[in-house]
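Undergrad: Quick note: the sequence shown uses the working numbering, first residue 8, plus one each step.
These aren't lab readings, by the way, just hints derived from the structure by calculation.
Be aware that a few hints might be false.
Stated by the list, open to error - FRET-style restraints, in silico, Cβ to Cβ:
(1) A173 / E48: 18 to 24 Å
(2) A160 / Q131: 21 to 27 Å
(3) A173 / A46: 19 to 25 Å
(4) E138 / Q183: 17 to 23 Å
(5) A91 / V50: 25 to 31 Å
Even glycine gets a Cβ: it sits at the ideal position worked out from N, Cα and C.
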Amino acid sequence: MKPDLCRLRQRIAAWGFRPGLWLGLCLCLFCCSVLPARALELVDSRGVTVSLERPAQRIIALYGAFNEILLALDARETLVARTAADAAIPGLQDLPAVGTHMRPNAELVAARQPDVVLQLAGRQEVLTQTEALEAVGIPVLVYEMQSFEQLFAVTRALGRLTGREARAEALVADWQ
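All chains should be built: construct the whole structure from the sequences, respecting the hints.
TA: Encoded structure:
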């Protein structure tokens with residue numbers, strides 16, 4: 008061995024470190040770095056928290072503006088269905104329809120196995136349909152969008168939902 012390496016080993020031994028301890032420490036650090044990240048939690052306009060293990064891979068947006076925000080976030084591949092009215096949005100024509108914004112078909116929604124459904128806050132009929140989806144175990148995020156501040160907040164939330172936070176911040180900055 009080279010003299011410098013021998014001195015280094017002597018110093019490490021003097022500090023009380025042993026090779027087995029180093030190996031254990033390295034394994035511990037490695038395991039901590041590959042453990043799954045903490046669950047993603049989003050709070051909607053109702054104050055309801057939806058937790059996901061990872062960014063959403065399968066989304067159904069029951070309001071056209073949410074679809075357009077997701078398209079602007081370059082998250083088209085996450086969309087698995089649309090409403091009948093959203094067939095006119097470029098890029099969504101090939102997606103299956105699951106009813107309307109006001110009356111989504113819960114069976115069609117469930118068949119698409121979404122990680123989350125996005126709904127616009129508002130009329131009681133919408134909330135009744137939201138409750139029906141939640142009753143069958145489908146997480147629903149309901150957002151209000153009546154101001155620019157709410158638009159920016161929803162864009163940031165959808166950025167978090169899809170793992171595109173930087174893109175969402177860039178969009179908000181451009182819009183502001």
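Undergrad: For which of the previously enumerated hints does the structure constitute a violation, in increasing order of number?
TA: 4
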